[in-house]
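Which chain is which? The protein sequence lines are U and S, in order.
Residues in the first sequence are numbered consecutively from 1, following the working numbering.
Residues in the second sequence are numbered consecutively from 1, following the working numbering.
Some hints here could point you the wrong way.
Unchecked claim - Sample of chain S residues with no beta-carbon within 10 Å of chain U, all distances over it, derived:
1) P135
2) K393
3) T500
4) K504
5) T727
6) V770
7) V1024
8) A1087
9) G1089
10) L1174
What the hints assert, rightly or not - With a Cα cut of at most 25 Å, we get these calculated DMTMM-like pairs of lysine to aspartate or glutamate:
11) K765/S to E87/U
12) K543/S to D506/S
13) K1158/S to E211/U
14) K594/S to E87/U
15) K1158/S to E1170/S
16) K1138/S to E87/U
17) K1162/S to E208/U
18) K97/U to E1155/S
19) K95/U to D506/S
20) K30/U to E1137/S
21) K1162/S to E55/U
Stated by the list, open to error - DEER-style ranges, computed between Cβ atoms:
22) G81/U to A390/S: 53 to 61 Å
23) S163/U to E46/S: 31 to 39 Å
24) G275/U to K736/S: 55 to 63 Å
Quick caveat, the hints were computed from the structure, so don't treat them as lab data.
Backbone N, C-alpha and C fix where the C-beta goes; we use that ideal spot for every residue, glycine too.
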Amino acid sequence: MIDLSTSYLGLSLKNPLVASAGPYSEDLSKIRQMEEAGVAAVVLHSLFEEQINIESNIIDQALSAGENYAESITYFPDLSGIKLGPEEYLEHIRKAKAAVGVPIIASLNGVSAGGWVSYAKEMEQAGADALELNIYFVSSKPEMTGAQVEQIYIDLVKSVKASVRIPVAVKVGPFFSSMANMARRFDEAGANGLVLFNRFYQPDFDLEALEVVPNLHLSTPYELLLRIHWVAILCGRIKADMAISGGVHSGSDVLKAMMAGAKVAMMTSALLKHGTGYVSLVRDEVLQWMEQHEYESIKQMQGSMSQRSVAEPAAFLRANYMKVLSSYNSREL
Amino acid sequence: MNRPKVTIDGNEAAAYVAHQTNEVIAIYPITPSSPMGELSDQWSSEHKPNIWGSIPTVIEMQSEGGASAALHGALQAGALGCTFTSAQGLLLMIPTMYKLVGELTPTVIHVAARSIAVQALSIFGDHQDINAVRPTGFAMLASNSIQEIMDMALISQAATLESRVPFIHFFDGFRSSHEVAKVEQLTVEDMKAMIDDELVRRHRARAMSPDRPVLRGTSQNPDFYFQARETVNPFFLACPEIVQNAMDKFAKVVGREYHLFDYVGAPDADRVIMLMGSGAEVAQEAVEYLVGRGEKIGLVKVRLYRPFSTEHFLAALPATVKKIAVLDRTKEPGAAGEPLYLDVITAFSEAMAAGKMPTAAYPAIVGGRYGLSSKEFTPAMVKGIFDELAKDKPKNHFTIGIVDDVTHTSLDYDPAFSTEDPKTVRGLFYGLGADGTVGANKNSIKIIGEDTDNYAQGYFVYDSKKSGSVTISHLRFGPKPIHSSYLISRANFVACHQFTFLEKLDMLKSAEDGATFLLNSPYPADQVWDHLPRTVQRQIIEKKLKFYVIDGYEVARQTGMGVRINTIMQTCFFAISGVLPREEAIAAIKNAIKKTYGKRGDAVVQKNYAAVDAALSHLHEVKVPGAVSSRFDMLPAVPAAAPEFVQKVIAPIIKGEGDSLPVSAIPVDGTFPTATAQWEKRNIALEIPVWDEQLCIQCGKCVLICPHAVIRAKVYKSDCLAGAPETFKSVPARWKNFADMKYTLQVAPEDCTGCGLCVEICPVKSKTEVKHKAINMAPQIPLREQEARNWDFFLSIPDTDRTALAVGQVKDVQLLRPLFEFSGACTGCGETPYVKLMSQLYGDRAIIGNATGCSSIYGGNLPTTPYAVNADGRGPTWNNSLFEDAAEFGFGLRLSVDKQTEYARELVVRLSATIGDELAKALLEADQSSETGIAAQRERVAELKRKIAGLASPEAKDLAAIADMLVKKSVWIIGGDGWAYDIGYGGLDHVLASGRNVNVLVLDTEVYSNTGGQMSKATPRGAVAKFAAGGKPAAKKDLAMMAINYGTVYVARVAMGANDPHTLKAFLEAEAFDGPSLIIAYSHCIAHGYDLIHGLDQQKAAVASGYWPLLRYNPDLKKQGKNPFQLDSKAPTLPLEKYIYNETRYTMLVKSNPEAAKALLKEAQRDVMERWRLYEHMAAITVNGASQEVK
């Protein structure tokens, strides 16, 4: 009997397949389907504080419109039952918890220090098993240093950690000068997990309209490489559990994630592409491979190909870059 | 019992009781009573129950006639029901009201009493409406104050159940319906104590039921009807006593005492005035003041107006009375006197005849009119009336409050007389419509009313424009009860929330000596003085005002409040006025913010908190210099070049001094000159468009979309540029047929509202910086003078010759002069571009019948009108008959034109010898299908007039009078969806079926926009609107298909923002079609709940999603063997939610009821697809063997 179980953020999971934050986790029936297909945990879509603020302001503007003319002092009924805040999301946590047995991880993207903390508390109260802080901060100010930006991340993690008891994972992008140092600092700040890496809408150009249009394509397996790279480097160097998110599309991708040192492999794009039932195919593929190669458990392979565990640790460093170039060159020649 | 004190307006006070003591509430929007229906609908959607624990059913009907009929049915089947209305609405209920009385049906119609549309519509308050329904027999109970509205609503409900006489409970529109005051709220127990459940059960027992069948509504004959009509007499005779009993019971339960007639004043008064409504409060204040100074005067407040109880009235009068002035807030031309006056005369003559005189001698009784259309009625006027009564022969049939220099009815009075209590704080706040001043002041009144022991009153005055308008808040509070139902003219606090108002409005004229003046100023305390007009400086010095400034916009900017400076100014008011200790005040303001904005989300609350916290550090007192030093003064209301009528009549209205206009200055029959909006330079845009002439491709889209006609284009010969201002821009015209000519795109800087739609629609982007377009917004003030000069020069260039233009192209349409300009419509209005387009194409020969609504308000609300004239003096002629009858009215215009044209043609034939056969033939056979054809016919008519001028024959004279009818006229019927889909639909349907050549333009905003966004049958499924607080469950009615069904009507559904050539084509085809045409025009609207700068994107999305398929149905195509149905937009490419969830009207439901929103979205998406399939099918139908390709 092959043991697929793993542990992530102190949660015991039946396997390392986790649904990452995405459109499917907005839908209760899809969450149920994903559980049936075999996911071990579900990360809900992110609660965006900025979105809530924008919606509040838009409703405020609509309700405040009028006041110009005596016949139309207002334009909308000023309903008391309107919910403009995290309530809908919190209700979703409650419903998801009630609907499935697997752990539910709430995801939060805040904009204000107060927002991060208060929403995190509310998510905990709503029954989330863990939190994923989805942090994305673009500084366009030339006077702001990297150290200042980093400190913002760290302060945020500390303040959330200080306010909730449930485990907290941090999901960040790869754009730090020293990812390893940042990972350690997240560790020190108390993060229970590190989710590598988040993917966000990127501005694209519409050449006909000469407009900037937001864009997000589904992930490709190619994106996995960057994640494996960093998980393999960080494995064993930090306490926090690592999760790979982005580019996991097959059983072999899951295996690679595990061997690099991740505790779980998260999927969204593959499920959007193939449907929720795809989870069971991926699990079967993992099982089959492990059977063929006589692995007993997932835990056994976790970190087995991390930088520390491979014969050529330098392969993860600069040499890797040079080697790749030269191999291309030799083929060309 | 300890009852809660609430600070609410009159409408809420009435609806509070009505909703809790009824089961079925049938409603229809009409100002100023709409909020009663809106609140009822909202409360029911929030599951608030009535006193029997059941949630009342609130249902909107298609008109007030429909509402009263539905009410009639509900009552007949045994439910308890009521309705709310005003003015025309009440008139539409008359036939049903007779039925309700005849069948002795208990119900209450709560009426916010309002003027009737006579020489003009007016939304303001008087008693013309309730007096117009006197003959129905409805009992009428008047409320004079906000507290009384709540009390009388309950008393009338109790009395109707017992008496079986249906009641009108009325109070003054706006003055009472919209005044906010602190009142004691009745409890459920109070209502239960007053409403006798046994009477309710008896009402149910009388109801129609197949279990105990009865028959009503018989047809009766001469032998029977008369006696039957007299059967109700005992009920009417008993009614006054029943009302008094209810009042007595109310006094026992609640503690406030009322009588059918309440007397106030000296017990030994010799002069008495008598009236009802809010004016009675004013009179009470004046009478108490004067009695306190020894005057022997009194006041009779009429509460139960109908049935008029002579006995109770006479009993209320002191025996010492010698003279009585009876005041009616109504006008009945030709009557022996106004109705209340006649009641009093009758009462005394009957008492005299019966030997039951209450007074020693027959008193002198005079009648007078006051306060029509919310005309101010003040203690000074009351004193004026008493002074008149003191004369030997007091004037009868007088007016008070106006200057009647024609028939000399008006009484003189001393406006300086004041009864304002020195302990009452009186604050005046001048705000901009969009800055939230009114909302903040309503909160201030609530804070003062509910957090202190003070009595408090708030009243809010709005102006006649929907953009850039001024609001004036009148706030009173103090330790004594406030009876002052009139505007504040002696303020001890004046706040100006907009610096630019200083130049336009003389707001310090109302400041008392030593008052405080708070100014929102971009200039700091040490610099502001030099930026004040001389008049303002003089008043500050002479009146010794304490003067404070704050840069409210800076604080708003810092705290994320945008342009909403309301809480900032409110905080300053509390800090300066000292009504509460500072910390307490701030806590109270924050508490009010939480209460008002809490449900809108924490972000909104937090930014308001931040604004409150930041306000006081920016508030500074100004050290007032000793002398006037400014080098400029207030601006004249209109330029010196304006015509005499504008100078004499329009300008005072613009300045806020319309009250001073005497009767003689005013047109006798409601007729006004057009083309007056051009004189009202409002300067309301912060930013205006600036043309980049090098980048521009001269496509004309900005000109087409501009809602206010402030962007114009001309093509002209280069010699026209002689004398052009230095900054006047001109480039070679990009037209093949205008080679060597110049082109200019010019903005009217002082008329622009700054909406930015022109920039949005501009298709050209700079290759080096894409945000830069061929037209870009820039701050107005630095450009104002320069561009005003350029605008004047632009106007002096001759218009491009219409006959040289291809009007089928948007590019050429920009060169047609708009004859609809600078309206007061909302910034970014989606309706006005269509009206403007019509005016460009046909304005010089257009006759317009306009339904009441937004288009009649921006079209015809005084002081000015946007309908304009061209260089020949021709332009649209316009009339708004009513809301419900626009189609029939416009149809009548058509019949009239056709008849006169026919007669003119007959006369041409008869006089052909005189005219000359050739000209006669040419006149009769003229092809007028093009601009050239019209121009040629105009020349022929001119020649005809020359030829018959001076001829003495009656036929020649007749022909001279109607010769212009030989030039084709274009009849337009314009209205919104409330008219076309609901109240006017029956008439519209009939007119469309008539086959006559009228052009109907439906400006479809999908709600009753003008009255504040109530649901119509055009409202889409899933949208939240007033009266559809829970989201509209039914799909929008497909008016186009209903008209297409006739097969003889030209129908187009257009959206200018999505496809402007299509819109243009539809207008041209509709007008050319010799029969009825219907254009349904997508009109984005502020009631959709988004920044209208995105209006064009939303129009595109509406079309792309298939929600608004563009189509044309042209019956003429059938003659050509073609399919008349043309589907002009592509199959849906955008999911519906991508369109609708950009708009608050839809997202509000997602936030209030996500499940319902989801279900309705699904259904709405299905509606779209089903309809698309049907349209596709219709467009593909083969006609006479010719197949039609779907575009």
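So is A1087/S really clear of chain U, every C-beta pair being over 10 Å apart?
4 Å, violated
Straight-line alpha-carbon gap K1162/S to E55/U, limit 25 Å:
Between K1162/S and E55/U the Cα gap is close to 22 Å, so the pair holds against 25 Å.
Evaluate the condition: distance from the CB of V770/S to the nearest CB of chain U exceeds 10 Å.
Label violated. Min Cβ-Cβ 4 Å, cutoff 10 Å.
10 Å cut-off, C-beta based - T500/S kept clear of every residue in chain U:
16 Å, holds
Mind checking the hinted window 31 to 39 Å against the Cβ distance between S163/U and E46/S?
Given a distance of about 34 Å, which is inside 31 to 39 Å, the answer is holds.
Sort out whether E87/U lies within 25 Å of K594/S, counting only the CA atoms.
Measuring from Cα to Cα gives roughly 17 Å; hence the hint holds.
In terms of Cβ atoms, is chain U entirely out of 10 Å range of P135/S?
The assertion about P135/S holds, with a minimum of 29 Å to chain U.
Holds or violated: K1158/S to E211/U, with C-alpha atoms at most 25 Å apart:
Distance of about 31 Å is beyond 25 Å: violated.
Has the given pair, K1162/S with E208/U, been kept, meaning a C-alpha gap of at most 25 Å?
This hinted pair is violated, its Cα atoms lying about 33 Å apart.
Would the pair K30/U and E1137/S pass a check requiring their Cα atoms to be no farther apart than 25 Å?
Distance of about 20 Å is within 25 Å: holds.
Within 25 Å, alpha carbon to alpha carbon, are K1138/S and E87/U?
23 Å, holds
Exclusion check [K393/S not at the chain U interface, CB over 10 Å]:
41 Å, holds
The earlier numbered hints that this structure contradicts are 6, 7, 8, 9, 11, 13, 17, 19.
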